[in-house]
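Starting from the given sequences, assemble the full structure and let the hints guide the process.
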Amino acid sequence: MADRPTDDGLDPRYREVWRAAPPPSGFVDRVLAVTHAEGNVAARKRRSLLGRAAIALAVVAAAAVVLVGARPRAREGEHLATTARLSVSITERATAVLEPRAHLRWRSAGGRVTVEQDGGDVFYRVDRGVAFEVKTAAGSVLVKGTCFKVEVTAMSPTTHTLIGAVSGMAITALAVTVYEGMVEVQNEHGETRLGAGDRGVAEQGEAPRVARPLSAARPSNVPRLSDATLAALREDPRATIAALEQKVASLSSELTEARRQELEGPRDKDGIPKKKFHDFTPEELTILASRCEIRYDIPKFLSSGRIELRGLGDASNGISEAEVAQLNRHLRELAPPNLERLRALYRDGTGDHAGAATLAPKQMIRALFERYPQELDRAKQRLSLERAGLPPPPDPGGPSVVEQLLRLIFAAGDELERRGAQVLGAERTHELRRNGAGYEPGNIQSGCPTAPASTISGQ
Amino acid sequence: MVTPQPRADAPRAPRELDEITLARAQKGERVAWAALVAHHQGAVFALISRILGRRRGSAAHQDLAQETFLRVFRALPTFDRQGPARLSTWILTIASRLAISELRRRPMEYLLPVDVADPAAPDDGGAARRELARALEKAMGDLAAPYRAAFVLRELHDLSHEEIARALDIPIGTVKSRLSRARQELASALRELEGGGKNG
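Going line by line, the protein sequences match chains G and U. Letter by letter, the first sequence follows residues 1 to 459 in the numbering used here. Letter by letter, the second sequence follows residues 1 to 200 in the numbering used here.
By construction, these hints were calculated from the structure, which means they are not laboratory data. Bear in mind the structure is a predicted one, so any value in this text is a computation, not a measurement. Be aware that one or more of the hints could be misleading.
What the hints assert, rightly or not - Straight-line Cα separation of at most 30 Å, DSS-like style, residue types lysine-lysine; simulated pairs: (1) G:K274 with U:K138; (2) U:K27 with G:K269; (3) G:K276 with G:K247; (4) G:K274 with G:K362; (5) G:K362 with G:K275; (6) G:K362 with G:K135; (7) G:K275 with U:K27; (8) G:K276 with U:K138; (9) G:K135 with G:K247; (10) G:K247 with G:K362; (11) U:K138 with U:K176; (12) G:K135 with G:K276.
Below, the structure is given as structure tokens:
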């Protein structure tokens, strides 16, 4: 026996008892199924997600909405805001399903119902013949007439409805999806009519337009509830309703994601939105890693050096002056040490002590990038691989000044968001960041090192 | 790159997948991809189960192994066949990182991947084998996940120091110190075992 195991080999007795668990039979098939599905989904997802989700959402939401009898009634003029899905009746003849973070109020005059939707996603069902209008900052949606039939055996009489969904996105854009009937979207720049299966988009400052049609959502293609679902409804309506509502939530989430993708604008040759800087999918991160590409924003205090937030506390952002004051307190704590660290990196990287004391942060950042192009390439490679969850290349010399700089920017950005979330909540803060509030967005660094040893496959 | 030193009792490193199959898998050919998974699944399961131990259960091993191959699938088109890394090492790197991450997320008592007291296990030594297993479990259980991973990669999967350093993203010196620490723990466990045997 080797009393002291050495690098010449593990004591054979240990090896004997340290046997490994073998792969289960069928594991290869399991992996194939997963990767095949992923490959297909990646290719198909963008094409069909919107249509499929819309169809399913229409049917399931309609069923759930019709079935849920004890729906709270929204009072006229009441401001509705919710952090969870909320179904409310608006008059006797219309229903709204508010998604988390949607808010609206409504009023009725002369037989006409007017809803003011400030933000978020809302699904509407309106009985035929009701004069109904949804107003948003980006335009109005007017119901023009409808005929949509929902059949739920023995549970509800046949109902003629309009079913549509309105999303007020970040106040600057309005997206309307019509599942049945007809609506008109209008603002001061123009108007457009949308029929069943159509989707329209209105952005502030632009006339409404028809977006990609939901061709699969034509009435003839709208799937019916299955016999099994109907049977289950008869057996245990509550459980089935709960399941349906859960499904609605899931599908609604998919639909929201599909809308978001649609509004993200043009894509590059690999299918990544050109203006996307946050919330990348694992597939997108892998593609970015293959290009050694990093996309990031820079907290404004590390760009312009401006520490105070300005212009956030207005109605369009929904942030109060008190919240701005709290955010500014965080910024005053966060900015100085990060700025000092940036100046130290600049001093170390350039030896320019005078510049470190006088240059604006963005000038120092640019100077370091320009001075160390190879280090920048290696940092891009390393960081993009890390973000994709892939092994980065070896780094015997430790992080370069450029890599330290990028890590400083990323960490400061994330810390700013974390602190913002303490004031505004995580979702609001993240949305503000995505909209560039407090950050300078739009930074893209792309391109791999030329040295063979640093290629991606070399880890 | 440091070439692993051949050792009489060491397991042979798995033969690498042939170039043509690898190239086809990179192009997305399903049959080639299946061949790649079949070729490397044994090593991936062995590594994961040896790092995580039996307590996690085979479902956890399967999930991590699947996640490993999913990541390989996503990144395979970018793998440089002429690069310094072997495909097997690259795959084990991904697997070991996932396993370490899992251990850090949910620490748990370490048990050998295969229960040597299991009636289904071949009985060729009975009590002695169980004692040895307990000693090994104790020694490995006392090691932090990255130490255990380095040791498993070196001793049971035959990776070189440099490959381990790359896999775990640590300097070579750290690899050596971790291996040394693991060996000391094992030696100590063996001594205790043998001392106990003599005394008893």
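**Prompt:** When the hints from earlier in the document are held up against this structure, which numbers fail?
**Reply:** 1, 6, 8 and 10
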